[in-house]
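Participant: Sequence:
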Amino acid sequence: MKKDVVAILGAGRIARVHVEMLVRYQRNVRIKYIVDPYLSEESEQWALSMGIEQTGKDAEIVFSDREVDSVFICSPTPTHCAYIIRACEAGKHIYCEKPLDSSIRKIHEAIEAIQSSGVKFLMGFMRRFDVNQQKLQRTVAGGGIGTPQIIRLCSRDPALPPYPYIESSGGIFFDSMIHDFDLARFYAGSEVEEIYAGGNALVDPKVGELGDIDMAFAVLKFKSGAVGLIDLSRQSNCGYDQRTEVHGSKGTVHMANVPETTVVVRNEEGVHQDKPVYFFLERYADAFAQAHRVFLDMIHNDTEAPVTAYDGLQAVRIAKAARISWQENRPVKLEEVS
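When you number the sequence shown by the numbering used here, it's gap-free, plus one each residue, and the end is 880.
Using 20 Å as the maximum straight-line C-alpha spacing, the simulated SDA-like pairs for lysine to any residue come out as follows:
no.	residue 1	residue 2
1	K875	V761
2	K648	A624
3	K648	L855
4	K748	Y705
5	K677	A798
6	K545	Q832
7	K792	T681
8	K544	V836
9	K792	A683
10	K544	V571
11	K765	E735
12	K817	V806
13	K545	T845
The calculated label-pair distances, taken between Cβ atoms and stated as ranges, are:
no.	residue 1	residue 2	range
14	E811	L590	49 to 55 Å
15	A701	N843	39 to 45 Å
16	V807	P747	36 to 42 Å
17	K765	G633	35 to 41 Å
18	K765	A701	32 to 38 Å
19	P579	N843	31 to 37 Å
20	T850	V807	41 to 47 Å
21	P706	G660	35 to 41 Å
22	E651	G740	29 to 35 Å
Derived from the structure by calculation, the hints contain no laboratory data.
The beta carbon of each residue, even a glycine, is placed where N, CA and C say it ideally should be.
Starting from the given sequences, assemble the full structure and let the hints guide the process.
Facilitator: Right, here's the structure in full:
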């Protein structure tokens, strides 16, 4: 059986996650390239250890290689749309990490390129591929709790990322809460009409000096009339805190944290169980693998993408509106982010 030939654009943390998941679970995938303009000697050695055939610093070696079937865009956000357009020109299928881009104009150009080229495109909101999130959404969409009224998401990382990451990430609404914006739309089955967001640098004042915040909230108003409530922190101290609740006209559905083990000890001192798994890879490893399976199925069987570039566009619009709301301390209509 012919293997799918893929290339990885970017060599940072999320690129390595995709490589490791592909190597572990997708036996019919051959990773021919990993390309990054800042590729280090350490990254080259790591790529070799993972069985990647070639490394490079110029993405054109990927786009000009007819053997490459698809690209995984794991590079910095400002490069995403340029890579998408170039991949469309070269006829390569595309898996793109979030966020899609910081420029609405560039996103529209990328969407036009995807539509006109006919290549397959999957937006990498991996939380949507988690079995827990999917069951929760199916319950809501199937009417199990009636009409959604309140959507509450809690998302708290175990520890602050490095300062250089904070400086280059685009801010907490773009690099972190954007997942929650996407999930809120996923559950509500409705577009966001207005957002009020805010926060502060309470974990580390240095974050504020870098122009960002390390804890944030957002209140979403949906066109359906439902309300979304999101709270996020860069530091939870107890592991990766990921909880969701959707309250509807006929009931409530809740998703709890995934603990390190399911062992519960009950004794005279109380009831004790393990804390949540440490971070996103432990929590969403299976979701990454499922996203890869879906992407390959799209290519082989001409199936439709469950998460599209349009979903990526809407999440970016919400993130932009959230940042304006935080900066100007006011509710922001999504129509302001054209």
